[in-house]
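Those protein sequence lines, which keep their order, are chains A and B.
The opening residue of the first sequence carries number -11 in this note's numbering; numbering runs sequentially from there.
The opening residue of the second sequence carries number 1378 in this note's numbering; numbering runs sequentially from there.
The set of hints was computed from the structure by calculation and includes no laboratory data.
Each hint should be verified, as a subset may be incorrect.
Chain A regions said to be covered by chain B (calculated; three or more residues, Cβ under 8 Å) [claimed, not checked]:
#	segment
1	18 to 28
2	47 to 61
Ranges of calculated distance between the beta carbons of each label pair, as one might list FRET restraints [said to hold, decoys possible]:
#	chain 1	residue 1	chain 2	residue 2	range
3	A	P19	B	R1431	19 to 29 Å
4	B	G1434	A	V34	42 to 52 Å
5	B	A1422	A	H86	48 to 58 Å
6	B	E1406	A	T40	42 to 52 Å
7	B	G1452	A	H37	35 to 45 Å
8	B	Q1469	A	E23	49 to 59 Å
9	A	T40	B	P1392	27 to 37 Å
10	B	Q1444	A	R88	53 to 63 Å
Since we're looking at a predicted model, the values are computed, not measured.
Where a beta carbon is used, it is the ideal one built from N, C-alpha and C, also for glycine.
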Amino acid sequence: MSNPATETLSVVVEREVAYPPEKIWRALTQPHLIEEWLMKNDFKPVVDHRFTLRGDWGSVDCQVMTVEPNRTLVYSWGAMGMGSVVTWTLTPTSAGTHLRMEQAGFRPEQQRAYQGAKFGWSKFFANLEQVLARPD
Amino acid sequence: MPNTHDMLFKTLSDPTRRAIFERLCRSGEQTVGALTARAKVSQPAVSKHLAVLRQAGLVRDRHEGRQTHYSAQLGALAPLLDWTSQMTGFWQSRFDQLEDLLKRMDQ
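Please take these sequences and the hints and turn them into a complete structure.
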């Protein structure tokens, strides 16, 4: 992963959840439930289905890539003109479920633009970018 | 980390303060007098903004004779530019909400 052209960033959040995978799966795949913890949406657990997540700060364009009920859910996550992939993995445990989310695919140089857009500070960061790019 | 974010956002949310910081980014080290000449506020107000920026680590001061020179510390912005820590925070709060929802859902 040392080649800058192919290097990508990923974020992993995982947690032991005291509920069976079936119940978590419903929360991950039923639109009215998704809305309660993530964002407003028109999700369907169907491969290739395109859906939009709408938050106060903007929207995220997604497309379902993998659906393995109660086990794996993968969708693309496109925001601010940049794409990444979100993978949910549910593994049953004696106490419930090991829930893992990995978001991967951003390239490191996209970070600054992403932040600027996300916080509505694009102008500020564009200015800053110019300053940083300026030869000393 | 969230505290660092809060402080940076709070500090830069004031347009006048942000303008002062941007000016330091663009023009390098400046005295309070030089900054005031370009700002639309009084020198005490500029000094107050500089003190807040300094507390947030966004500017550094250097005393030379009777003058104090201020310069921008771009490294202080690093937490805002760190995509992975931002997204980790986002998903952790969503996990919290998901767990809340699971508690409320009937089997």
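A quick look at each hint next to the structure:
{"no.": "1", "hint": "18 to 28", "in the structure": "holds (count 4)"}
{"no.": "2", "hint": "47 to 61", "in the structure": "violated (count 0)"}
{"no.": "3", "hint": "A/P19 x B/R1431: 19 to 29 Å", "in the structure": "violated, 48 Å"}
{"no.": "4", "hint": "B/G1434 x A/V34: 42 to 52 Å", "in the structure": "holds, 49 Å"}
{"no.": "5", "hint": "B/A1422 x A/H86: 48 to 58 Å", "in the structure": "holds, 54 Å"}
{"no.": "6", "hint": "B/E1406 x A/T40: 42 to 52 Å", "in the structure": "holds, 47 Å"}
{"no.": "7", "hint": "B/G1452 x A/H37: 35 to 45 Å", "in the structure": "holds, 44 Å"}
{"no.": "8", "hint": "B/Q1469 x A/E23: 49 to 59 Å", "in the structure": "violated, 19 Å"}
{"no.": "9", "hint": "A/T40 x B/P1392: 27 to 37 Å", "in the structure": "holds, 32 Å"}
{"no.": "10", "hint": "B/Q1444 x A/R88: 53 to 63 Å", "in the structure": "holds, 56 Å"}
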